[in-house]
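Listed below, chain by chain, are the residues.
4 protein chains.
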Amino acid sequence: MTTKPKTSSALSQRFAGVVPPLVTPLLSDGSLDLHSLERHTHHLVEAGVHGLFALGSTGEVAYLSDEQRLQVTATIVRAAAGRVPVIAGAIDLTASRVLERALPLVDLGVDAVVSTAPLYALNDRAEIEQHFRRIARGLSVPLFAYDVPVRVPTKLAPELLVELGQEGVIVGCKDSSGDDVTFRRLIALNEAAGHPLQLFTGHEVIVDAMAFVGADGVVPGLGNVDAAGYVRLWSAAARGDWATARHEQLRLNALFEIVFTSRGRSPDAAGVGSFKAAMNLLGLIDHATMATPVEPLDDQASARVRRILAGLELLAA
Amino acid sequence: MTTKPKTSSALSQRFAGVVPPLVTPLLSDGSLDLHSLERHTHHLVEAGVHGLFALGSTGEVAYLSDEQRLQVTATIVRAAAGRVPVIAGAIDLTASRVLERALPLVDLGVDAVVSTAPLYALNDRAEIEQHFRRIARGLSVPLFAYDVPVRVPTKLAPELLVELGQEGVIVGCKDSSGDDVTFRRLIALNEAAGHPLQLFTGHEVIVDAMAFVGADGVVPGLGNVDAAGYVRLWSAAARGDWATARHEQLRLNALFEIVFTSRGRSPDAAGVGSFKAAMNLLGLIDHATMATPVEPLDDQASARVRRILAGLELLAA
Amino acid sequence: MTTKPKTSSALSQRFAGVVPPLVTPLLSDGSLDLHSLERHTHHLVEAGVHGLFALGSTGEVAYLSDEQRLQVTATIVRAAAGRVPVIAGAIDLTASRVLERALPLVDLGVDAVVSTAPLYALNDRAEIEQHFRRIARGLSVPLFAYDVPVRVPTKLAPELLVELGQEGVIVGCKDSSGDDVTFRRLIALNEAAGHPLQLFTGHEVIVDAMAFVGADGVVPGLGNVDAAGYVRLWSAAARGDWATARHEQLRLNALFEIVFTSRGRSPDAAGVGSFKAAMNLLGLIDHATMATPVEPLDDQASARVRRILAGLELLAA
Amino acid sequence: MTTKPKTSSALSQRFAGVVPPLVTPLLSDGSLDLHSLERHTHHLVEAGVHGLFALGSTGEVAYLSDEQRLQVTATIVRAAAGRVPVIAGAIDLTASRVLERALPLVDLGVDAVVSTAPLYALNDRAEIEQHFRRIARGLSVPLFAYDVPVRVPTKLAPELLVELGQEGVIVGCKDSSGDDVTFRRLIALNEAAGHPLQLFTGHEVIVDAMAFVGADGVVPGLGNVDAAGYVRLWSAAARGDWATARHEQLRLNALFEIVFTSRGRSPDAAGVGSFKAAMNLLGLIDHATMATPVEPLDDQASARVRRILAGLELLAA
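Keeping their order, the protein sequence lines are chains A, B, C and D.
Offset between the first sequence (1-based) and this note's numbering: plus 939.
Offset between the second sequence (1-based) and this note's numbering: plus 939.
Offset between the third sequence (1-based) and this note's numbering: plus 939.
Offset between the fourth sequence (1-based) and this note's numbering: plus 939.
Okay, chain A solo, but in the shape it has when bound (with noise of 0.2 Å):
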């Protein structure tokens, strides 16, 4: 194949190819574990990834008191040491809230701020724009739409993310809707507006069909535990070479069974918890704890994540 695919040229942007949300590690006794978040930080970008997201739903943000949000941004932003940019969540109810939390953020010298439509406040689209423009006003860096309907009450419709774009409201999008299919038309009618949007998606199992269909990067939450894998597909991809960014992706969705180690507990403790007790057994957090009031994997699932590990390799069995 002798087309150059577009996401190399994407690959050019300052946002843009692996930007791994990182899981937030604590100690035993629930406070941050902050020695393992900055030797998880280096690992990363020591793997190659393109950006690091910080405070993202991997990372807990959720359960995270604004303090220990300070406290994990300054950590990652101080180990990144400006290698690679760091993108960090203000996750609250609405703008003027998303904004007292994003301003501290950005002291701390992140690059750029996500936020998702608002929370628990009941909008329409309108007031969905202009929740957006609130924000977009009140920051000096850029921002970025997260549409997210698991955990949001809305879905961000194309044309809306488009516009924003152009306005220079927004720079990107994190896609965790699940629904590729309005990706496929987000990317479309962004490529047809100019490419104003950096789009990423947050499904880590389908980069490679998402990097074939134009998306310009991934925040893959599997990352945390296989960081050089998702290196290697999004360069196999960004070269065209497709087959064998499929034959990387299929590897990764076989370790990706992980997060169904756990069936019948919630999609936090099921998800993150995997990632925590992977990671721990890796070697790369100390502990698998998971923020109260989440548990983490118990023995039985975790031996289920062992053996997906040893089986891929990636453990001695």
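Errors might be hidden in some of the hints.
[What the hints assert, rightly or not] Residues from chain C that keep clear of chain B, each with C-beta distances beyond 12 Å, as calculated: (1) Leu973; (2) His982; (3) Asp1005; (4) Arg1017; (5) Val1108; (6) Ser1174; (7) Thr1231; (8) Arg1243.
[Stated by the list, open to error] The list that follows gives simulated cross-link-like pairs (lysine to aspartate or glutamate, EDC-like), each with its CA atoms no further than 20 Å apart: (9) Lys1094(B) <-> Asp1118(C); (10) Lys1094(D) <-> Asp1118(A); (11) Lys1094(A) <-> Asp1118(D); (12) Lys1094(A) <-> Glu1068(A); (13) Lys1094(D) <-> Glu1068(D); (14) Lys1094(C) <-> Asp1118(B); (15) Lys1094(A) <-> Asp1118(A); (16) Lys1094(D) <-> Asp1118(D); (17) Lys1094(C) <-> Asp1118(C); (18) Lys1094(B) <-> Glu1068(B); (19) Lys1094(B) <-> Asp1118(B); (20) Lys1094(A) <-> Asp1063(A).
Quick caveat, the hints were computed from the structure, so don't treat them as lab data.
Glycine residues also receive a C-beta, built at the ideal position from the N, C-alpha and C atoms.
Use these hints to put chains B, C and D onto chain A, whose structure you have.
This is chains B, C and D only, laid out in the frame that chain A set:
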């Protein structure tokens, strides 16, 4: 009817009866109108309400910054001056953050705190139980649960609520679930457990019927517009005069039609917007301004509100 | 209380009061048990019910073939023998198919037909209005709307229902929406329009309160188990004796706990399954068999049903 | 790229590749236009499609009477004349009724039957499994599962589908769930189980990517309008020429914008309505009439469809 209705004994409880969720008056520029808020607080107490609910959905809590939340609460507590208890909403994503919001409110003198199930986080029942337990452990005042599945991902099961009541974790629940069938069952389970919970309906159009089936009180958004009506309604219900209660309810329901004057607008715009428009027309607050990014009712809808008020002789025609 | 309650006049209407949705008794091999059905029909009429609802959700209408639907309806119509009106559900995807189901039922002598909003089809409000208009045009007997958003994609708006009532398209509505706030508003709009509709609640645990707010009748699944209780309840409500109505309701609600004996089972299995288990224990039907693929209650749940029946002295302990 | 893609072997299967869900042409009075249907069937086969899907959502199956379903199927089977397999939807509430619909279709010569999870009934996973088992037992031709949670209350879990495939209950699945993340996992589980299922995506805008990740075919509603495009797309994908497949997909996606010409209309009106409008403009069917109660596209929307067709040179400008 000679049997003494259960609800009359409930009125002897500290938290019971008519507890309006105060709107948050704003000046034309969107900043807090604390003078109107103080005046409105006096007005409600003088109308005979049995408690005040600060920082509820009707109070646009989702749109207020932390600092604004404190100013609103301080104003209400000072104006109430101990004449009736003040309950305040500490609405945030999870327990640790709810406590960050709640503790300053307790310092300001509120008599109880209200919290919902987790937001944004995706938890199971055991985790939600722990969420309320952790909040209660951190508080020196009683905790109410707020069941509002239209704004929060979870409907609180009656068994969970009664269990938390029996443990002393929560002292009551405000039910805005729209599910009166389950609310009836909650009342029955609560009664069977010795009435550990004070149960408030949030549905202002069915207070007569909910009092009839055993509710301990009501949190009526429309009580901002006609507090005296709700006091009369509740008083009739408390003495078992159901015909009078129903008659008053039907009058209030004709007033409630103001929320349908803005079809097509967002729920927050149509609901709280119409309360503020009516209060402004009645001289209860100085402006009908809504919190950004919500626009107030337009002229056409305001005119419809005026006609409804005039039709009920609350306003000169 | 001297005022004459509105509900007493409603009883003079042809379709009003207690109209149980008959279960469909089955033999052990899953075929129709028409002998039990005939006996049960007589039992209900003799208990004083005001009408019979054949082929409702409680009648497992979804699971019956066209031929079985005809046999069930013929049996009920014959056994009722004109003593009370028979209403029958014509549940299918859209108007043309509803008519295919309904016309043979009309030929069998049913007094009215019940239909839901479209199923499977994805329609807007104008299309749903046309759906009911087309059904009504094809029928020689009155049409009821059945509002059951847990089974059908659409909640029927009160304005739409009253408009269809005023046009003569429908003569009433069975409300199983679980949304008593909107049902209250439906009652008010219907009253303001001159009461074109007979309004039935489908929620058997809140009949006293719904009669109090002006419902014209109830379609109680639990009425299969204790028809006499619902007749007493409704009779007390009709004469404005709310204390007696509430007392009877609370007894029936204690009986309704049978539906919670099978937690974890499907709604159809837990609900209709517990009705059939109780009816079988009470000798009202010969088998508790459920329609394929639903399994009847297991022994443990049946034992719990038996204890509830015994605790209420409906069965010897 | 030298590796032979898996999808090429899938094409050797009897059910694979491009299988359009035929619209049901109607005359101006709403009756069946069997001449247009026959002509369209020939057109599709001659365009090279690999199969035909009668009585799908796009075929307005929900709106057709039993008799109309038979006439439609007979016409398609006769016109196809064995050149490609014909699959037909037997859409009804539960297994016994699905069989009532399906058996006459089998008698007419269809090669396979498609059924959804139960409708209206409220079942759990075990009951849904039994639903499919009972249908399969009653059929002499293969059964496909149709996963369409926007029309049916249940999303079919990939584990359930693969288990039913391994048992021989179903031979494939049409996925219209909009959830490509889970579809990817279904493909992986199916592969690990030895490929018991033929897996079709119902999302016509992402066929290139779904072929890339291993889908066995596509059921494209838009294939009614441009069958040749889908055949070219699939052919390119089958030989691993992803750049060509993507190029064709992007052209088809520009065509798919016809479904957005009627914003504010119901999904059935906007979707199938735009297909029929385009087909009528292209001379593929004689009328754009929709099944009652759905109105066809209005003139303004039809003009937009015409412009899109002209812009893609499918029609003279």
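Results of checking the hints against the structure:
1. Leu973: holds, 33 Å
2. His982: holds, 26 Å
3. Asp1005: Holds, because the least Cβ-Cβ distance between Asp1005(C) and chain B comes to about 33 Å, which exceeds 12 Å.
4. Arg1017: holds, 34 Å
5. Val1108: holds, 23 Å
6. Ser1174: holds, 17 Å
7. Thr1231: Since the minimum Cβ distance to chain B is about 29 Å, Thr1231(C) lies beyond 12 Å and the statement holds.
8. Arg1243: Answer for Arg1243(C): holds, closest chain B Cβ roughly 15 Å.
9. Lys1094(B) <-> Asp1118(C): holds, 14 Å
10. Lys1094(D) <-> Asp1118(A): The given pair, whose Cα atoms are some 14 Å apart, holds under the 20 Å limit.
11. Lys1094(A) <-> Asp1118(D): holds, 14 Å
12. Lys1094(A) <-> Glu1068(A): It holds: about 13 Å lies between the C-alpha atoms, which stays within 20 Å.
13. Lys1094(D) <-> Glu1068(D): holds, 13 Å
14. Lys1094(C) <-> Asp1118(B): holds, 14 Å
15. Lys1094(A) <-> Asp1118(A): holds, 10 Å
16. Lys1094(D) <-> Asp1118(D): holds, 10 Å
17. Lys1094(C) <-> Asp1118(C): Distance ~10 Å between Lys1094(C) and Asp1118(C) Cα, so the pair holds.
18. Lys1094(B) <-> Glu1068(B): Holds, because 13 Å separates the two Cα atoms, which is no more than 20 Å.
19. Lys1094(B) <-> Asp1118(B): Distance ~10 Å between Lys1094(B) and Asp1118(B) Cα, so the pair holds.
20. Lys1094(A) <-> Asp1063(A): With a Cα-Cα distance of about 11 Å, the restraint between Lys1094(A) and Asp1063(A) holds, given a limit of 20 Å.
Violated hints: none; the structure is consistent with every hint.
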